[in-house]
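A.B. asks: The lines below spell out each chain.
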Amino acid sequence: MVAMITFADVTKRYPGGIIALDGVSVDIQEGEFVFVTGPSGAGKTTLIRLLLAQEKPSSGQVLVARRNVRALRESSIPFLRRNIGVVFQDFRLIDSRTVFENIAVTLEVLGLPQKTIRTRVTHIMDLLGLGHLMKSYPPMLSGGEQQRVAIARAVVNDPPLIVADEPTGNLDPALSVEVMDLLKEANGRGATVIVATHSRELMERYRTRCIYLERGQKVDERMTGGDAE
Amino acid sequence: MVAMITFADVTKRYPGGIIALDGVSVDIQEGEFVFVTGPSGAGKTTLIRLLLAQEKPSSGQVLVARRNVRALRESSIPFLRRNIGVVFQDFRLIDSRTVFENIAVTLEVLGLPQKTIRTRVTHIMDLLGLGHLMKSYPPMLSGGEQQRVAIARAVVNDPPLIVADEPTGNLDPALSVEVMDLLKEANGRGATVIVATHSRELMERYRTRCIYLERGQKVDERMTGGDAE
Amino acid sequence: MKNLRRAGYFLKGAVLNLTRHPLYSSVGILTLCVSLILVGFLGLFMWKADQVIEEMSGGLKLTVYLEAEITPGAVEELTRVILDSWPEVDDVTFHTHEEDRARNRNLLPRELLEELDPSLIPAQPFLEVQLAISRVTEARIDKMIEWFRSLAQVQGVDEVLFGADKISVAYSLIQGARNLGVFIAAVIVLAALFFVVTTTRLIVEGRRKEIQVLLLVGATKNFVRIPHYIEGVLQGLMAGALAFIVVWLLQHQLLSNLRAEALLQVPVNLLPTGMGVWFILGGGVLGLLGSALGIARYLRLSQ
Amino acid sequence: MKNLRRAGYFLKGAVLNLTRHPLYSSVGILTLCVSLILVGFLGLFMWKADQVIEEMSGGLKLTVYLEAEITPGAVEELTRVILDSWPEVDDVTFHTHEEDRARNRNLLPRELLEELDPSLIPAQPFLEVQLAISRVTEARIDKMIEWFRSLAQVQGVDEVLFGADKISVAYSLIQGARNLGVFIAAVIVLAALFFVVTTTRLIVEGRRKEIQVLLLVGATKNFVRIPHYIEGVLQGLMAGALAFIVVWLLQHQLLSNLRAEALLQVPVNLLPTGMGVWFILGGGVLGLLGSALGIARYLRLSQ
Ligand SMILES: Nc1ncnc2c1ncn2[C@@H]1O[C@H](COP(=O)(O)OP(=O)(O)OP(=O)(O)O)[C@@H](O)[C@H]1O
Ligand SMILES: Nc1ncnc2c1ncn2[C@@H]1O[C@H](COP(=O)(O)OP(=O)(O)OP(=O)(O)O)[C@@H](O)[C@H]1O
Ligand SMILES: [Mg+2]
Ligand SMILES: [Mg+2]
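Chains as they are written, first to last, in my numbering: chain A, 1 to 229; chain B, 1001 to 1229; chain C, 2001 to 2303; chain D, 3001 to 3303.
It is worth saying that the hints were derived from the structure and are not from the lab. It cannot be assumed that every hint is accurate.
As the list claims (entries may be wrong) - Below, simulated DMTMM-like cross-link-like pairs (lysine to aspartate or glutamate); rule was C-alpha separation at most 20 angstroms, straight line: (1) C:2221 with B:1158; (2) D:3221 with A:55; (3) D:3209 with B:1095; (4) D:3209 with A:101; (5) C:2209 with A:55; (6) C:2209 with B:1055; (7) C:2209 with B:1095.
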C-alpha cells in the first residue's frame, strides 16, 4: 500500500497565535478508512483544511497523493481539490443554486457531459432521500437535509479521497447509519475515507483505525469498534 | 401550572407546498423541560420558527405566554423574542462582531448597563470554556466553539423560555453533558426549556417528556430516560 | 438614563459597522465622496458658466437719447427714477455730447473719415442703462420694455433705443442656458443619489444575515436602523470633507490651466473656503438620505 | 467537445448569476445604465456645445481686399491657391465692389447717410475666407497668419485684414472651452467607472461565500471568472440599450424645450439611431471592464 496522506511533524499556528495543530505526524494509506476524533477545538477541521490547501502549514510537510501541498503552485490547487470530496462541517452550500445544481457543480468543474451529470446527481440524491428536493434552494432545507446535500456533493464524482467533517451532526440515527454505509461502500470501491467526528456511537459501530487529537496534538491512535481494546 | 406554550392544531405549509407541520397540538407548561425529536425534516425547526414569529402558522393557533403569536402586531415581535433564548441549528452568529459582542447583543437590546453586560457575558463565557476567545470573530472559531457561543447568547439574559435546536451536534460528549447541565440548571431556576435533538444519548440521560414528530405530525409523546418505559 | 445608554449602543453599533468591514465603509465613503465631487464640481462649473454667459452677452443695455439742451438736474432726476423703478437696472451712466461723437467716429470706415468734417458727425447726450440679466424675470420683462418705450414721451428725452427683440432674445438665450444647466444638474444629482442609494442597498444586502440575527434576538427596527443612519451621516461628513478638498484642488488646477492656455481673464474666484461647510453638510445629508432609502425597503420586508 | 461543454457551463453560470439574485442583477444593470446615461448625455451636450461655440464665435474670418481691376480669372486662381494650401479653410467667397459698398452703408449712422452722396462711400471687391475652427491646430496657426500676411504682396491683392490677435484669442477661447469639456468629461467618465467597479465589487463581496465554495470543490479561477465576465457583458448590453432609449428621450425633451422657450435655432440634430450601436457596445465594454476590475483583486486574494 502507498501512503495517500502524510502529515510529517505538522504545526499550524493561526494568525492571533492559536496553535491548532502541534507537531502532528500521521500516515494514511490508500484505501484506508480512518476516524479523527477529539474534543471541540482539537484541530480536526484544521487538519482537513491543510489537506485541501485552504491553509498552509506553519511548519512540517503535508503530502497528499505524494504531492507536497505546501509547494503546490496556486494554479494546481483546483486539480488537487478535484480529487478530494469534502463534507464541510458548515456544509458550504451555494444558497442561490438549487440542490441539484449544488451537487452538479463538482461534476461541471470536471467538464463532464450534461447527461452524465444528470444521471449521477439523480442517483445520489435518491440514495440520500433528497429526490423530492431537486429544485429547492438550501435556505429552504432543514439542517439534516442540508447536511445530506453536502454529503451528496462530496461523493457524487467518486473521488479517490473523501473527507467528512462531522457528517452526521444534524442527522438522526437511522440516516447516520445510511451515510456511514455509503462512505463504507465508497471505501470498499477503493476510496480513502477520513471522518472527523465526536460521535461515539458512530465510532463504536465500525472496527477502524481512530486518531485522537487533543489541543492540536496526536494523543492516541487505536482501533475502535465493539471488539477493539 | 400555566401553559407557557400552546400549539392548537397547527399546520405549517411552506410556499412550494411542503407541509412541515400537520395538525400538531402540544401544551408545554411553565417550567417544563421538553425534548422534541424526530427524523430529519420532521418539522422540529419549523416548530421553533413558529414560536419566534419567524413564520406564521398556515392554520391553527400558537400561543406563547398566553399571547397569540399570529395576532401579534409587528412592533410587538421584538418584545416576544426578548423573552426567548434561542440556540439556532445554524448558530446565526454575527461574523463581523467578536464573540463577546455576539453574546452581549442580547443584553444591549434590553438596554442593560455596560457593566452588567460585561459581568454576565464574562461569566457565561467562562462557564462554556470560551474565555480565551473573547476577541475572536466567529469565522475563526471551530464548529463546537461557534455552537457554544450560540448557546451562551441564548442563556446569558436568563430568559423565561429557552429553545435549543440541536445544541450539541458539534460538541464532544463531555461538552454536551456540560451544556445539558447548564440548561437543566436554568430549568431549575424556573425557565421553560425546549430542546430539539436527534441525539439518543442526550435523551437517554435525562428523565423528561419527549415529543416525537414525524413528517410534521406528532406521532408519540412519552417520558425518556433510563427508568422510563 | 436608559435612553442615554441606548444612544450609546446606537453610536457603538454605528462605529462597529464603520470599522468592522473596511470594504463596506471605504466603498460607502468613496461613493458619497465621488457623488459630492460630481455634484460639487459641476455645480461650480455651472455657477461660473452663469457668470461667463453674463459677461459674454455683454449684458443687456438700452440707450436713452436726450435732448441736447437738457439740464444736469433733469439728467439726475431721470437717472434716479429709472433706478428706483426697476431693480433689474444695474447701472445708469450719463454720456455727454462729445462722448457720443467719439463713439460715432469709431463706427465710420477709415476711408470715409479722411474726407469728413468732424463737426458733421452727429452727436447727442445719452443715458446708458445696464440691466442685470440675472435679476430680469420673465414676468416683468414685457412691462419693463413698455415702460422704457413710454419714456420717449418724457420731457427732455429724445428717443429710446433698445430693440425690444434683442432684449427678449438675449434673455431667452440666457434662460435657455440656465434651463440646460438645471437639466444637467438634475440628471447628475439624480444619478449621484441613485449611486448612493444602490451602494447602501448593496451594503445592507451584504449585512442581511447580521441584521436578521439582530431582529431574531429581539432588536427593534430602530435598534437596527438608527446605528445605520448614524453610520451614513458619519460617512457623509467624512466624504464631504474629502470631496471639498478634491474639488478645491480640481478647480484650482483647472483655473490655472485655463488662464495659462487660453489667455482668458478668468476671475481668480477660487472656491471660497466657506463652501467647505456646505460640502460637509451636504455630505451628511446625502449620507443620511442614502442610508435611509437604502435600508427602508429592506426593513419593511423583513420580520 | 470538452471546450464546447465548458463554454456551455460558463454561459450557464452567467445566466444563473443573472437570474438568481434579482437585486444584484438589477442593481448591476441600472448602475451601468445610469453611468452610460451620464457619459452619453454629457457627451451629447458637449458635442453640441462644440457646435454652439463654433456658431457663436461666428467662426474665424479674414478678408482679402482686392484691387478694383482684378480679373475673374485671377480671383478664381487666388481662391484655388488658398483652398489648396490650407485645409483649415472652410470656404472662400468672392464679394464684388457693389456688395462692399452695401456693407459699408450699413456701418454708417442713419443721420450721416441722409447727407451723403452714395458714390462717396468707398468700396472694393474682396474675398471672405472662412476658417473651420475645429480644424485649426495650435502648431499651424502662426504659420497660417504669416502666410496670409504675405498675401498682400501678391499681384492683384490690395490688403489682408484679419487681426492676428483676434484669431489667436478666439482660438484660445475655443481651445479653453474644449479643455474644460475634456476635463469635465474625464471627471464624469472616471466617476462612472468608479461606480461601476465598486458596485461590481460589492456584488462580488455578496457572493463571496459562493465563490469560495466553487474554489473549494476544485473550480479554477477561470471557472469563476469567465461566467462573471459574460454576466458583465450581458448586463452591459442590456444597460446600453436602456441608456440609449433614456438619452434619446431626454435630448428629445430637452431640445423641444429649448426650442419652445428660448426661440433658439437649435438644429433638429436628433441623436442618430446609429448611436444606439455605440451605446450598446459601450455598455458591453463598460460591463466587461467593471466586472473584470471588480473581481480581479478579490480573486487574487483568495485561494
Ligand atoms: N481561521 C482561524 N483563525 C484563528 N483561529 C482559528 C481559526 N480556525 C480555527 N481556529 C482555532 O484553532 C483551534 C482548532 O480549530 P478546529 O476548527 O481545527 O477545531 P476542531 O477540532 O474542528 O473543533 P470542533 O470539533 O469544535 O469543530 C480552535 O481553538 C479554533 O479557535
Ligand atoms: N423556508 C422553507 N421553505 C420551504 N420548505 C421548507 C422551509 N424550511 C423548511 N422546509 C421544509 O420543511 C420540512 C421540515 O423542516 P424542518 O427544518 O422543520 O425540519 P427539522 O425537523 O428541523 O429537520 P432537521 O432535523 O433535519 O433539522 C423539511 O422538509 C424542509 O425541507
Ligand atoms: Mg471542526
Ligand atoms: Mg432542524
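A.B. asks: So if I understand the rule, the pair passes when the alpha-carbon distance is 20 angstroms or less; does residue 3209 of chain D with residue 101 of chain A pass?
C.D. replies: Holds, at about 16 angstroms.
A.B. asks: Below or equal to 20 angstroms on CA atoms is what counts here, so check residue 3221 of chain D against residue 55 of chain A.
C.D. replies: 17 angstroms, holds
A.B. asks: Quickly compare the C-alpha distance for residue 2209 of chain C and residue 1055 of chain B to 20 angstroms and report which way the hint goes.
C.D. replies: 17 angstroms, holds
A.B. asks: Residue 2209 of chain C and residue 55 of chain A were given as a pair; does the straight-line alpha-carbon distance stay at or below 20 angstroms?
C.D. replies: With a Cα-Cα distance of about 26 angstroms, the restraint between residue 2209 of chain C and residue 55 of chain A is violated, given a limit of 20 angstroms.
A.B. asks: Next pair to validate is residue 2221 of chain C with residue 1158 of chain B; report whether the Cα-Cα distance is within 20 angstroms.
C.D. replies: The hint is violated at about 23 angstroms.
A.B. asks: Under the criterion that the straight-line Cα-Cα distance not exceed 20 angstroms, is the pair residue 2209 of chain C, residue 1095 of chain B satisfied?
C.D. replies: 9 angstroms, holds
A.B. asks: Is residue 3209 of chain D close enough to residue 1095 of chain B, meaning Cα to Cα at most 20 angstroms?
C.D. replies: 12 angstroms, holds
Against the hints set out earlier in the document, violations occur for numbers 1, 5.
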